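**Student:** Below, each chain spelled out in residue letters.
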Amino acid sequence: MKKLKLLWLQSLTCNGNSHSFFNHPDLFAILSKFELIYFPLIDTKYSLEDILHKQLECDILIIEGSIKKGLIKNGVDYSKLIENYAQEAKHIITAGTCATFGGVFKEYDPERISGFCFDKERVKENFNSYKDKLISLPGCPIHPKWLSYVLQMLGSGNTIPIDKLNRPQELYNITVHTGCSRNEYFEWKIDTKGFGHKEGCSFYEHGCQGPYSRGSCNKILWNDTSSKTIVGTPCFGCTEPTFPKERLFFTKTNMGIPATMPLEVSKRAYLTITGIAKSFTIKRLERNIIDYDS
Amino acid sequence: MIVKKLIEKIEGEAELEFSFKSGKIDDVDIKFDLYRGIEEILKGKAPRDALVITPRVCGICNHAHLIASVRALESGFRDAGFTFELSKKAKDIREFTLSCELVQNHIKWLYLTIFPQLNRVLKSDPDDNYALKASYIANTVTKAIAIFAGQWPHSSYAVPGGVTCDPTYIDIISAQNLIDEAIRFTQKVLIGMDLDEYLSIESLSQLKTLGGDFGKLLFTLEDNQLAKIGKSYDRFIVLGESAFFKSAKSIATTTSTIDQRFVKELEQTGTKAKAALYKNRFYEVGPMARAIINKEPIIMSLRKRYRDSLITRIYARVHEVAILLNYTKGLLQNLDITQESCTLKSKATPSDFSGVGTVEAARGSLIHRVKVKESIISKYEIITPTQWNLSNSVEEKRGVAANAMIGLESDELASFVFKSFDVCSVCTTH
Amino acid sequence: MPFATPHYIFSLILYLFYDTIYQKGILLINLDKKALKRESIILASLKLFSSNGFHKTTIPDIAKQLNMSVGNLYNYFKSKDILAKELLKYTSETVGAEIRKVNALDTSTEKKIKMIVELYFSMAKERPEMIEYFLRVYLSYRDVFKDGCEGMLCVSGFVTEIMIFFDNGVECGELRDQDFFSAFGLFMGYLGGMVFLKGEEILPNELEAYIDDISYNIYNALKR
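So the protein lines, in turn, are chains A, B and C.
Mapping of the first sequence onto the working numbering: position 184 corresponds to residue 184, and the numbering continues sequentially without gaps.
Numbering-wise, the working numbering comes out as the position in the second sequence, counting from 1, plus 294.
Numbering-wise, the working numbering comes out as the position in the third sequence, counting from 1, plus 724.
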């Protein structure tokens, strides 16, 4: 089978998605299944000048970074350059929240900066032309294994089940909360007592967005090792169209009641369960997991 | 004659415009044309949001931005009357993750930028799988970061008062194993000798025993008369402090203390990057500056023979991999996990403060300055290492890298010198 | 989280809603027979516990009131303690259902406050004997409730709706964000206090006479 040609283009970006993908433990085994036209970190067959000035063939276009109307970079209009390649590509992957929804950099010029086919959650005009070949991979940055999953599915000619924002269901139909090592503390409503404890849940005290953010961060661990929530950092919802929200280390509450509920859970259901869970004291969960003095 | 060159496979891209006179570079313009407005984005946000936003300045040195940011907040909190001390554990964990980030950065620079560029200069074919080596070691050390920081890139695990993690002995042992593996790689592949033996090298004559890719690189530079090119002002500055790096400036053989208030940013024409100067003079920042201020014997020997040339600059950067791996190993051995991870218990935030956070990032000194009014950020200023090294000319004075490229005979050679500074375009154009 | 709710607050509130519970009981004609029977036991025992006291009221007393056999009654509730707890749950849920109706209305928080005050006072007026149940049973025999009614287990139906009321009020910008209990205490403590004064025959006027002023006061204290 002929190898698919892979082209990675960077618009307004921090390079974080490139570096994240470079962390993939099986990077070269994966790349060997494709013909690498361009990747920003590795010496490739073609130079950036070639990419910018010749219309090279590409099967899979990976876009990293937010799209800005009329962005001139390296002497070229990047919004046009990306559209040109996108029209010819068989598949388009928006790698990261910037390329998918606009992300952090959108905030500098919200009128002109957006994702490639989405502006936050809003569908852009070009969505109709690309919707059948677009895969959205939000995350700031992307998880290397999310991208390798998509690449390998496309490489072997498989269809990827996607949701209405073109995100692969396999990666985004669970929440970041799924698999978090602090789940028991969430279930029994034992809030963290501050930063720096392996015990306690960050949902109520530290603004953790895990229960309502889509992503498999706690199923497919970061760097094959851990995740934000495991090390006591709240999830900031970086996979969501709304990223970044305000006051990221604080839970927005209304008279003490969390303003945002776990995904598709009604406030009534949440408050009922919470009230009941709070009525009990689970001694094991009140104690430190490890007692170093004993 | 004017030659334009698009430099890629650095962090982002840069455009160089060389003016040649009688076959030699007479002037050079450095342009970075991407601007993302991070400082503007931060205005109006809650102070702690900077811990999430600033790592997004840069995909490769995001952790340095996090640490600079948390230090800026902590200095501001203290300025507003909060009293707290970080535990030694929290300090050491931060030092550990930051050092690991420096290691992955230097390794990527060596294998993904320097070796391929050397091949281009020598017009030889790439004779090794450099990218595979870079990926293996970068992977190993970033995994060690993730044990404490949750992930790399883009962690926000350092918060005012300490760190969010609460590591166990299993975590420490896993991190130790990863550092041991990185050291094993360094010994087998990078330096071709025992780490202790390497670290005892003080004189140039001992360098002959050096093997591995590093040895090969040094001999190739020497054999091809590339060692002595790329000299600049031989003036260095280190602004960040740690248990390992000392803050000072060095001119000729004199090292003296510095005062951050004399650091100035200047707009430049034709580029989105601002220049950074100390008392209106350009200084080189980065591993060579750190080694010289720390009086690392082998770097002092190299400088004596080669001054601040390409070989000293490259050596200092690779050398830092070895010393940092050794340092991180010690940090883990002495980590007391029973201490508190975060000593600031409450999330209370002073409503008005200003703070400065300085950190030694891979490429040199990184400064974050924050002003908070009525509980929101009113001003945020980021000065990156690349702004020190890669400025254009300001008031008739040439920037450090620009100065180092003058007199070279080809744009490829000049690109090599340029890349020896480990250019980060994305940081520069935050 | 604002959930470690002191029982006494509820005791002052919940007894006031008996009327609704009572009416609802009567209206439940279409429910299946067993559920209807269960409900009638709850209503009858509520009355007997409040008027005759918890210890003085026996299961045979309740059975007699309902013209059913003692054995049959035990099929519904295995002990008097269990019955007492079920009563609390039932009351809380029924009251919660009333506030839920208010919560569902598309109207201003200011108007909703008045509706809750009205709801509360009309119940206090219709069924004053309810306080007896809570004061003499729920508060006096805490050991009866200590297993199975910890925290807000038996009163969550009511508290959840009050939380949703406050949450909606803050979300739509009408109420000031503050600690749950500082708002809850102001609202419910105020109403409970008024009913207490009425019960002690200190109030010169009927409760209805105070609805407008009290609603105004509560709204002004809680608004943004």
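Source of the hints: derived by calculation from the structure; they are not laboratory data.
For clarity, every value in this text was computed on a predicted model and none was experimentally measured.
Cβ coordinates follow ideal geometry from the N, Cα and C atoms, glycine included.
It cannot be assumed that every hint is accurate.
[Claimed, not checked] Below are the PhoX-like pairs computed for lysine-lysine, each with C-alpha atoms no more than 20 Å apart in a straight line:
#, chain 1, residue 1, chain 2, residue 2
1, A, Lys124, A, Lys80
2, A, Lys45, B, Lys339
3, B, Lys482, B, Lys623
4, A, Lys54, B, Lys303
5, B, Lys639, A, Lys198
6, C, Lys947, A, Lys283
7, A, Lys193, B, Lys639
8, B, Lys337, A, Lys69
9, A, Lys193, B, Lys482
10, B, Lys303, A, Lys245
11, B, Lys566, A, Lys245
12, B, Lys315, A, Lys245
13, C, Lys802, A, Lys252
14, B, Lys417, A, Lys45
[Said to hold, decoys possible] Between beta-carbon pairs, the in silico distance windows are:
#, chain 1, residue 1, chain 2, residue 2, range
15, C, Ala945, A, Leu263, 52 to 60 Å
16, B, Ala546, A, Lys120, 53 to 61 Å
17, B, Ser669, C, Lys947, 48 to 56 Å
18, C, Lys870, B, Ser648, 37 to 45 Å
19, A, Lys219, C, Glu842, 47 to 55 Å
20, C, Ser793, A, Phe280, 34 to 42 Å
21, A, Lys219, C, Gly777, 40 to 48 Å
**Student:** None of the hints should be skipped; say for each whether it holds.
**Tutor:** Now the hints, each set against the structure:
1. A:Lys124 to A:Lys80: holds, 15 Å
2. A:Lys45 to B:Lys339: violated, 43 Å
3. B:Lys482 to B:Lys623: holds, 18 Å
4. A:Lys54 to B:Lys303: holds, 19 Å
5. B:Lys639 to A:Lys198: holds, 15 Å
6. C:Lys947 to A:Lys283: Distance ~39 Å between lysine 947 (chain C) and lysine 283 (chain A) Cα, so the pair is violated.
7. A:Lys193 to B:Lys639: holds, 8 Å
8. B:Lys337 to A:Lys69: violated, 23 Å
9. A:Lys193 to B:Lys482: With Cα atoms ~46 Å apart, lysine 193 (chain A) and lysine 482 (chain B) exceed 20 Å; violated.
10. B:Lys303 to A:Lys245: violated, 32 Å
11. B:Lys566 to A:Lys245: violated, 28 Å
12. B:Lys315 to A:Lys245: Status violated; Cα separation ~54 Å.
13. C:Lys802 to A:Lys252: Distance ~45 Å between lysine 802 (chain C) and lysine 252 (chain A) Cα, so the pair is violated.
14. B:Lys417 to A:Lys45: holds, 16 Å
15. C:Ala945 to A:Leu263: 52 to 60 Å: Violated, at about 35 Å.
16. B:Ala546 to A:Lys120: 53 to 61 Å: Holds, since alanine 546 (chain B) and lysine 120 (chain A) (Cβ atoms, about 55 Å apart) stay within the stated range.
17. B:Ser669 to C:Lys947: 48 to 56 Å: violated, 23 Å
18. C:Lys870 to B:Ser648: 37 to 45 Å: violated, 55 Å
19. A:Lys219 to C:Glu842: 47 to 55 Å: Given a distance of about 51 Å, which is inside 47 to 55 Å, the answer is holds.
20. C:Ser793 to A:Phe280: 34 to 42 Å: Between serine 793 (chain C) and phenylalanine 280 (chain A), where Cβ atoms are some 37 Å apart, the hint holds.
21. A:Lys219 to C:Gly777: 40 to 48 Å: violated, 58 Å
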